[in-house]
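My request is simple: use the sequences and hints to build the entire structure.
For reference, the chains in residue letters:
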Amino acid sequence: MSHAEHVNGELPHEPEKATLEGRNKVLGFWLFLGGEAVLFGTLFATFLALRGQNNEGPTASELFSLPITAAATLILLVSSLTSVFAIQALHRHNIEKLKLWLIVTVALGLGFLGLEIYEFYEYIVHESFNMKTSAFSSAFYTLVGFHGAHVAFGVVWISLLIAQLYRKGLTVVTAPKVYVSAMYWHFIDVVWVFIFSVVYLLGKVG
Amino acid sequence: MAHAHAHSHSVKRYTGIMDWLTTVDHKKIGILYLIAGGFFFGIGGIEAILIRLQLIKPMNDLVSAQVFNELITMHGTTMIFLGVMPVIFALMNAVIPLQIGARDVAFPFLNSLGFWTFLFGGLLLNLSWIMGGAPDAGWTSYPPLSSTDYSPTHGVDFYTIGLQIAGLGTLIGGINFLATIITMRAPGMSFMRMPMFTWTAFITSAMILFAFPAITVGLVLLSFDRLLGANFFDVAGGGNPVLWQHIFWIFGHPEVYILILPAFGIISEVIPTFSRKRLFGYSSMVFATILIAFLGFMVWAHHMFTTGLGPVANALFSIATMLIAVPTGIKIFNWLFTMWGGQIRFTSANLFAIGFVPTFVMGGVTGVMLASAPADFQFHDTYFVVAHFHYVIVGGLVFGLFSGLHYWWPKMFGRVLNETLGKWTFWLFAIGFHMTFFVQHFLGLLGMQRRIVSYLPNQNFDELNFISTIGAILMGIGVLAFLANVVATSRKPVGAAADPWEDGRTLEWSIPSPPPEYNFKQIPLVRGIDAYWKEKMAGNKEMTPSEPVGPIHMPSPSILPFVMSLGLFIAGLGFMFSTEDFSNSFMSLIFNKYIVLIVGLLITFAAMIARSLYDDHGYHIEVEELEGEGKA
Amino acid sequence: MTANQSSNANEGPTVKHRHRVEGPEKHIVVFIFSIVLTAIAFAAVAAGGINTAFTIIILLVMAVLQVFVQMGYWMHLKDKGHLMPILFMIGGFFVASTCIVMALFWVWW
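Protein chains in written order, with my numbering: chain A, 3 to 208; chain B, 562 to 1193; chain C, 98 to 206.
Source of the hints: derived by calculation from the structure; they are not laboratory data.
Within a straight-line C-alpha distance of at most 27 Å, the following computed DSSO-like cross-link-like pairs (lysine-lysine) qualify:
(1) B:1053 x B:984
(2) B:1053 x B:589
(3) A:99 x C:123
(4) A:134 x B:1154
(5) A:170 x A:99
(6) B:838 x B:984
(7) B:838 x B:1102
(8) C:123 x A:101
(9) C:123 x C:177
(10) A:99 x C:175
(11) A:101 x A:170
(12) A:134 x A:206
Pulled a few chain A residues facing chain C out of the computed Cβ check, cut under 8 Å:
(13) 32
(14) 33
(15) 46
(16) 48
(17) 51
(18) 68
(19) 75
(20) 82
(21) 191
(22) 206
(23) 207
(24) 208
Bear in mind that the values here come from a model prediction, so they are computed numbers and not experimental data. Quick reminder that beta carbons are idealized off the backbone N, C-alpha and C, glycines included.
See the structure below:
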């Protein structure tokens, strides 16, 4: 019935049950993302309420540099596209391409994290802008840091899935996992769209 | 594929304590929730009685002011997050899959994880009593009172981190029930054929999904303020304490609807059964539930009328709050019309359900009074508010839970609770409840503030407080009667009929009590609302199956949820004490350098990785085994 | 087993795919569209001199458009069988936006 049997080389005895588990996983993850939307919504609300409270510390427009933000945005946007390609490869059962695109996605995620760590390092060491500086700094590090932690989690998660694809191949068990991780990655990118707009660009505007 | 594996793998099946630690069976998890929730309910109850004993007479000195603050904080926090929420989850676990004709929940593993994270979060919170002082800033933990300046002990850290972990468990449980109800319903059970309890569980889970992330963020911000020196709520650093109030109530108000909706669902099951009538106005019930949930997210600032938001905001939130009385009123009338002309049986379960209706109406009416912003300036922070929310939470929710426990006890344990003791429970609890809280309305109107440790004599507070305390003791005796009932019943042999009330309407009554681990030998075909009743009326003894008898796939038990939660518990302790000045150099090394925190997180992540790497093939219950167990 | 087919996501290799797997062209178009929207937002800020309120409107419109397109195409929300995901994402965004309203209007006065 499904393509998975060709990948597996064996016919599932109960393909509809395997299907239900996979479908539950995708649906459950959507529900989780609905909750994540509220989580980030609350963090954005906190940031918006406190973004002007620099407490004699650096302000947003003094701090942010558009080129770094633009680079980070480009990296994350491209990684979202590569994870689309990964899912397309998955739908074609082209496991080699699937692994390749996932590896590219992880690499881009690492690049994004590197940029973010560099940015935070600059702020903390050279601008003496840390968690304790002001309400603005606390809100900035918490919002952007939460997003960064999500990226880091996604990098580890997708890496583990790549390892599983090497070991187990593409099966009805691994496929939903990969699909769900791609949803997660897109969602991270969606959150970043709001971060660069609301935190960085709006910060530059003042 | 799974089938083939199940033959080659022999799945480990545990017994004894390991069975309970590793179970992924929703019925057993329901029992675990009930035991843990009952335990915390007991702790919260003892705290309540201590509070009342302190207030029994003016200028009493049973407990110190500090201990009193800890008692009121822990009473509220424990009762809401660790007492009634888990008992709601107990009933949802025990009943929902059976009501929708499913063999399991959508995510059995996550279900177990949700329980263990809740339990470890609750244990962490209550450890505060023996580890340097419980939280003392009220269950709302408003800064600046909850800041390190005014709450210098680790009490509030136990609050933020314990609730964080417990809240994670609740969120997981909510997602699980949403997915279960969306995808696992038996053939023929459309959304508009679902039993009312399933509907309310669905809406409650959706509210959990959208409300708990807000408190997750709030607790993160508060713990960052306290442990990392952040400035979210610290005015000196540019922060704003009002922000906490908003975030807390954006979660907190939906939370009270999260609590009450399942009680509405329980009442909507019990009253029709014991009236031998179908629920009056089913679709309006569904509509009212959804409307209450929606409005529940739009009214949070009515907790903040006196904060100074201004007349526009106060008017908006005032009107939105009063609107909620409309769908709630629809429900009240539906229950009354269900009883109207029915053959009412006054079983213990039904006594609690019928008692719920007027009690909850009283709580609702004071709610509308409080919704009026100008009047609220008088009521705010008085015992009037205390009376109001105990009328809806105890008189509403706890009555509902007792009703549900008496009603579904035979389904959960195979034994019917003793009716005589059940009626004693009801009368003691109901009379005690009204004695405790009815007089508190007047205490509030007379000007007695909430959260005060003592009061001066001759302000007309003395007699009312005395009555209130006696009532609280009566409620305590009522709970003891219930415990005695549980103990006495557990000594009886398992022998409840599948449909012990004889008028069961929904699918859970069509299978044995307690159900086999796979629930339904054959998934039933649902042909209408109140599916089992419909079959009975058509002259059938059993449900019509929707599938032939076949091998049933079951998930394997796993210890990993326990390990993940333990890791979070350790990490929580590590984070909490990271700023502590230890005299012991080893302790300061492992805590101040975040080693404990990292070890805890590593344990959790290792368990998550193990879960991801090793596929759970589960096992099968074969047809011969099913036939061997006789009728199902 | 499930009675409600419409509520289930039908992705993954577990479900029968009668139709040919779509090509990458559509997604590249979405990508280019996203890049353009992002560039407009950055340009509006980098250029400076534009009225602040107008800039904010540009930023918001660009962000919402981009999120809409990405969730529709890359997260497949525009495909059939996504009723429940759409409902729950709308719910999440709705509650998130009440938080934003709170932050903008009711924290400082």
